[in-house]
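*Asks:* Starting from the known structure of chain R, fit chains A and D onto it as the hints suggest.
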Amino acid sequence: MNMKVDIKKFTTSIFRDYLVLVAILALILVTMVVEPRFMSTQNMTNIFRQFGPLSLVSLGMTFVIIGGFIDLSVAGIFSLVCVVTVSLIDPIGQVPAMIVGLLVGIVCGLLNSFLLLSSGALTQAEALFITFGMSMITGAFALFITGGMVLNFSDLAGNFALFTAIGSGTVGLFPISLIIFSVALVILHFFQSKTIMGRTICLTGGNKTAARLTGLSVNGSIMMIYALSGFLTALGAINQFSRTTTASPTMGKGFETNAILAVVVGGTTLKGGKGSVLRTLMGTMLIILMSNCLNLLGVSSFMQNVTKGAILVIAIWLDNRKPL
Amino acid sequence: MSQAASAEILSVTDVSKSFPGVKALDQVSFSVKRGTVHGLVGENGAGKSTLMKILSGVYTKDSGTVVFDGQEVPSTTPIKSMNMGLAIIYQELNLVNQLSVGENIFLGRFSEMGGMRGVHAKGRELLDSIASKIDTHKLVEELSVSEKQMVEIAKALSFQSKLIIMDEPSSSLTSDELKELYVIIRELKSRGISIIYISHKLDEIFDLCDTVTIMRDGHVIDTRAISDLTRGDMIAKMVGRTIENEYPPRANKVGEILLEVKSLNTLKLNDVSFSVRKGEILGLVGLVGAGRTEIVRALFGADKTRGHEIRIDGKPVKIRNPKDAIQAGFGFVSEDRKLQGLVLPFSVEQNISMASLQKIAPKGILRKSLEKAIAEKHVKSLAVKTPTIKTKVVSLSGGNQQKCIIGRWLETTPRILIMDEPTRGIDVGAKYEIYILMKEIAESGGAVIMISSELPEVLNMSNRVLTVYEGRITGEFDPIRYSADRVMESALGFKGGAEA
Amino acid sequence: MNRNTLLQSAGKLISKQKALIAVLLMLILMLFTQTNFYTPFNIVDMLNSSSILLILAFGVTMTVISGGCDLSIGGVLVVSGIIAIRLINDLNMNIGLAILISLIFGAGVGFINGFLVVQQKTEPFIITLGMGMTLTGLAQQLTNARPVTCDNEAFTMISNGKIIPGVNNLVVIMLVILVIAHYVMRYTQFGRSMYAIGGDYEVARYSGINVVFVKWATFVICGMLAALAGVLLSSKLNSGSSIYGETTALIVNCAVVVGGVSFAGGVGGIPQAALGLLVFGVLQNAMNMLNVQSFAQILTQGLVIVAIIWLDSYSRKVKRERV
Numbered sequence: 001m002n003m004k005v006d007i008k009k010f011t012t013s014i015f016r017d018y019l020v021l022v023a024i025l026a027l028i029l030v031t032m033v034v035e036p037r038f039m040s041t042q043n044m045t046n047i048f049r050q051f052g053p054l055s056l057v058s059l060g061m062t063f064v065i066i067g068g069f070i071d072l073s074v075a076g077i078f079s080l081v082c083v084v085t086v087s088l089i090d091p092i093g094q095v096p097a098m099i100v101g102l103l104v105g106i107v108c109g110l111l112n113s114f115l116l117l118s119s120g121a122l123t124q125a126e127a128l129f130i131t132f133g134m135s136m137i138t139g140a141f142a143l144f145i146t147g148g149m150v151l152n153f154s155d156l157a158g159n160f161a162l163f164t165a166i167g168s169g170t171v172g173l174f175p176i177s178l179i180i181f182s183v184a185l186v187i188l189h190f191f192q193s194k195t196i197m198g199r200t201i202c203l204t205g206g207n208k209t210a211a212r213l214t215g216l217s218v219n220g221s222i223m224m225i226y227a228l229s230g231f232l233t234a235l236g237a238i239n240q241f242s243r244t245t246t247a248s249p250t251m252g253k254g255f256e257t258n259a260i261l262a263v264v265v266g267g268t269t270l271k272g273g274k275g276s277v278l279r280t281l282m283g284t285m286l287i288i289l290m291s292n293c294l295n296l297l298g299v300s301s302f303m304q305n306v307t308k309g310a311i312l313v314i315a316i317w318l319d320n321r322k323p324l
Numbered sequence: 001m002s003q004a005a006s007a008e009i010l011s012v013t014d015v016s017k018s019f020p021g022v023k024a025l026d027q028v029s030f031s032v033k034r035g036t037v038h039g040l041v042g043e044n045g046a047g048k049s050t051l052m053k054i055l056s057g058v059y060t061k062d063s064g065t066v067v068f069d070g071q072e073v074p075s076t077t078p079i080k081s082m083n084m085g086l087a088i089i090y091q092e093l094n095l096v097n098q099l100s101v102g103e104n105i106f107l108g109r110f111s112e113m114g115g116m117r118g119v120h121a122k123g124r125e126l127l128d129s130i131a132s133k134i135d136t137h138k139l140v141e142e143l144s145v146s147e148k149q150m151v152e153i154a155k156a157l158s159f160q161s162k163l164i165i166m167d168e169p170s171s172s173l174t175s176d177e178l179k180e181l182y183v184i185i186r187e188l189k190s191r192g193i194s195i196i197y198i199s200h201k202l203d204e205i206f207d208l209c210d211t212v213t214i215m216r217d218g219h220v221i222d223t224r225a226i227s228d229l230t231r232g233d234m235i236a237k238m239v240g241r242t243i244e245n246e247y248p249p250r251a252n253k254v255g256e257i258l259l260e261v262k263s264l265n266t267l268k269l270n271d272v273s274f275s276v277r278k279g280e281i282l283g284l285v286g287l288v289g290a291g292r293t294e295i296v297r298a299l300f301g302a303d304k305t306r307g308h309e310i311r312i313d314g315k316p317v318k319i320r321n322p323k324d325a326i327q328a329g330f331g332f333v334s335e336d337r338k339l340q341g342l343v344l345p346f347s348v349e350q351n352i353s354m355a356s357l358q359k360i361a362p363k364g365i366l367r368k369s370l371e372k373a374i375a376e377k378h379v380k381s382l383a384v385k386t387p388t389i390k391t392k393v394v395s396l397s398g399g400n401q402q403k404c405i406i407g408r409w410l411e412t413t414p415r416i417l418i419m420d421e422p423t424r425g426i427d428v429g430a431k432y433e434i435y436i437l438m439k440e441i442a443e444s445g446g447a448v449i450m451i452s453s454e455l456p457e458v459l460n461m462s463n464r465v466l467t468v469y470e471g472r473i474t475g476e477f478d479p480i481r482y483s484a485d486r487v488m489e490s491a492l493g494f495k496g497g498a499e500a
Numbered sequence: 001m002n003r004n005t006l007l008q009s010a011g012k013l014i015s016k017q018k019a020l021i022a023v024l025l026m027l028i029l030m031l032f033t034q035t036n037f038y039t040p041f042n043i044v045d046m047l048n049s050s051s052i053l054l055i056l057a058f059g060v061t062m063t064v065i066s067g068g069c070d071l072s073i074g075g076v077l078v079v080s081g082i083i084a085i086r087l088i089n090d091l092n093m094n095i096g097l098a099i100l101i102s103l104i105f106g107a108g109v110g111f112i113n114g115f116l117v118v119q120q121k122t123e124p125f126i127i128t129l130g131m132g133m134t135l136t137g138l139a140q141q142l143t144n145a146r147p148v149t150c151d152n153e154a155f156t157m158i159s160n161g162k163i164i165p166g167v168n169n170l171v172v173i174m175l176v177i178l179v180i181a182h183y184v185m186r187y188t189q190f191g192r193s194m195y196a197i198g199g200d201y202e203v204a205r206y207s208g209i210n211v212v213f214v215k216w217a218t219f220v221i222c223g224m225l226a227a228l229a230g231v232l233l234s235s236k237l238n239s240g241s242s243i244y245g246e247t248t249a250l251i252v253n254c255a256v257v258v259g260g261v262s263f264a265g266g267v268g269g270i271p272q273a274a275l276g277l278l279v280f281g282v283l284q285n286a287m288n289m290l291n292v293q294s295f296a297q298i299l300t301q302g303l304v305i306v307a308i309i310w311l312d313s314y315s316r317k318v319k320r321e322r323v
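Protein chains in written order, with the numbering used here: chain R, 1 to 324; chain A, 1 to 500; chain D, 1 to 323.
Extracted from the complex, chain R is given alone in its bound form (with noise of 0.2 Å):
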């Protein structure tokens, strides 16, 4: 009898845990499989040079909803960031471009998180709401810079070989911009599993409460998951705009679904308080590779996005029938 319910048990979990990851490690298999073109070296090298922009506002919001929040602003403060960067290069040159670039994703998280301390907001609900309205209010002021329109890098006079460097030198085999990820994605690792900080986030998501009376800064870490939220988006978007050396003030729509799809599909629970960085790099593995796949398989992008909110209810109905 007691075998039959530890079998049970057992089946259920790993239904659970990993059916999202079998899944796509099936998908592949099945690339692999089918369409020889998946292992070539120029796949691979357009494989890794995905892991730009969205791995870096995926890892941003990793922090965020392991403090038990969440933050729907990253669109607006992506594209945010784009225009105002590529706007300064010509008037103050592109290293001061990029500093205040970095500034502006700063600050405007840094908002986030005064809006909802000052307002005394203790749910992700409502943590949804304001960061939504947030990035509706940094995304007009995006289409206000530009009026609208797309700024190029050709129509430049100063220097920007800094971003071409960014969108696609290479050091290697690798590109520049899986450098910057990697460098990021170690020292936020570090930050998460090492710091107190780190610790005092992890600990707030867990229960806020408790953290409090224990003495720790809850809203402390509450500024700091949205500052490093709006710091690596500014990261992500610089790493975007040199890429495809344009900058839209639209650039941003649908990084925050995207980048939360991959914190999810990485494990993380939308709960708090769990998770980890190296979680959502294999959550942003597995979904360039999903589209990677898909797209050589023939499916139209619109699928992909069906596939992609499918995969997000799953994913978020099974984390949620996870016992703690």
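Incorrect hints may appear among the rest.
Taking lysine-lysine and the DSS-like style, the derived pairs with C-alpha atoms no more than 25 Å apart in a straight line are [unchecked claim]:
id, chain 1, residue 1, chain 2, residue 2
1, A, 268, D, 317
2, A, 359, R, 274
3, R, 274, A, 372
4, A, 338, R, 271
5, A, 392, R, 271
6, R, 274, A, 390
7, D, 319, A, 304
8, R, 194, A, 390
9, A, 359, R, 194
10, R, 194, A, 377
11, R, 194, A, 323
12, R, 194, A, 392
13, A, 53, A, 23
14, D, 18, A, 138
15, R, 8, A, 392
16, R, 194, A, 363
17, R, 274, A, 323
18, A, 338, R, 274
19, A, 392, R, 274
20, A, 390, R, 271
21, A, 372, R, 194
22, D, 121, A, 392
No lab work stands behind these hints: they were computed from the structure.
*Replies:* Using the frame of chain R, we list chains A and D on its own:
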């Protein structure tokens, strides 16, 4: 059935109920005659609320029989009980704040009553019958507690209730409102409705009740006509128990004043002032809701307060949040470990270390070896039963969870450790270990402020006891010199003696 | 009555009636501008564009009052509109049947939402958000991200025809739903149960209300109304497109909060929801009249959302922290 049987509206025989780790009710038997007001008294944890929840259908009894209005009731649900004629008015009040009075009275019976019009018309009738002028269109959240009670009574009447259980009805009433309640209760009685009146306020029991049942530790001690009892008798039965050798000798190295608190005021607290000495274990005794937890939370910076003064070692200290409090030397084992103490998805190790992150991260970098050492140290010394220190605390038993929290605070070597219901849900052996710990903290020059609903525990462990009643300190006692009954009286609001 | 309590009561009144005051302020402001705002044509136009959102809002209100919310309405809106058009256009299906299928689709999505939220106890806002994303993707797939047009005259007459002279059918349908929804919410056991469930789930359960059924049903109704709105929108514009769904869900959910339907549940109703939508509707129209650039319109909408939610949370904070 015989004549005697039909004279009783309710008859409870040998009812027992257990929860994991605790036997809440043990062979409880009593009966209530029709048309009487039957009092039910007992300390916190005596089993009164478990019994009521079984009668009203929120819990199911493990064994025993309940006979209501001549019918045996093997099991029931809240709505079934109401329909049978057994209504209960909880202390927390079972109303939906956002809805109107009328709707609350007929919650779930909207169409039967003929829609909005009918609901309000019939609601008006019921309220008039108990001489209440509340407007049925008013939202419940706008009412005072006394008015909300009236609504609950009207609700009970709408079900043609034959027995109404009132759980601590007067806890938030003014004396005028209480007088109105008396009138209503007598009026209901004259209509043949029986009332079970649960209250700590012995005055009210003596004023209103015809009979009273006294409970203690899940047992019924006695059921008597009120005329046969004196107040002294009643308290003795509520409190009296054999004191086994379950406590270590008291710590007795009490020194100078360590902590002084002056004029603590919050929404609930009224000008609370007291002091604690080095080497002392100070006990706070009072009823649930009297304000004990509010006092310690205010002290710890967990709640907002106004205009109070705290001195440690004679020097004023500003405490605005828990961080300040911890730096000043406080520790706080809170009452509700699941919601406020534990981070359930995290491991034993992480739960223990979370108040000492600075300690395990000497250069800002967390050292796993330090964290492990701390966790193992406390798991060993507190005998925490866990497979490993990496096990998630959610899978530990309540007692072991509590030990993790205590270990967490011990690591911060507090000078003043506040413990709110520290041994709740812990077995006797483990309790003793915790008592020893408390003694050790006291004897090394620190102090412990202890809140407990188990009177013997507080009296045996404390050097000094403060009684708290309705947000005020009503008395100060040396437990060696004063009896449990005397302390209990003060906690119940009598005599307000300040002796030590 | 000293100055402090006077200020306090004024503050309370403003926060309670913020939507009404906002609308009145805008209406008054527009009196002083030299625009076509107060022309019959514009009033009619405002009503027309608000009607779709209002129908969505009625469904959302039911879920929010019961303590949930539904962010999938945008996705349901676009997909059902597209389904209707494709069925009528490409398969030459009977209009009535096509509409019925769209409605069943909406109810089906609502059923799944209800399952996930009520039965499986998932957080409503995130799971319905995910559902909405899936459906938006589906809409793009069905249309190749290009609007599909309809050649069927009768179909467009559903929204644009005028059975009552001078008023579009769309508005009439919306008003009918408004009256029915309001009646149900206020005068039926089913509707009142929603309030009880949102106000206090346990108390409602103890009083014998079938909480699971009622809460689940609110999602089904919401999905169906979203589908209806989608069909009417397609009819009005004579085309189905996937772009309308994007931020609609979030805006409608915010709008009902603006009007006075609290996310905590148990508070508000159809009139409040309508009022909240009106704030956004009038705002949108006024900004168009004033030739406000699109970035400023988005900016204003964003600011309104942030301000309202902020105020909502702040008022709860003040209540919590009374000393």
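*Asks:* Each hint needs a verdict: does it hold in this structure or not?
*Replies:* Against the structure, the hints come out as follows:
no., hint, result
1, A:268 / D:317, "holds, 18 Å"
2, A:359 / R:274, "holds, 23 Å"
3, R:274 / A:372, "holds, 19 Å"
4, A:338 / R:271, "holds, 16 Å"
5, A:392 / R:271, "holds, 16 Å"
6, R:274 / A:390, "holds, 14 Å"
7, D:319 / A:304, "holds, 13 Å"
8, R:194 / A:390, "holds, 17 Å"
9, A:359 / R:194, "holds, 13 Å"
10, R:194 / A:377, "holds, 21 Å"
11, R:194 / A:323, "holds, 21 Å"
12, R:194 / A:392, "holds, 20 Å"
13, A:53 / A:23, "holds, 15 Å"
14, D:18 / A:138, "holds, 22 Å"
15, R:8 / A:392, "holds, 22 Å"
16, R:194 / A:363, "holds, 11 Å"
17, R:274 / A:323, "holds, 24 Å"
18, A:338 / R:274, "holds, 17 Å"
19, A:392 / R:274, "holds, 12 Å"
20, A:390 / R:271, "holds, 21 Å"
21, A:372 / R:194, "holds, 14 Å"
22, D:121 / A:392, "holds, 23 Å"
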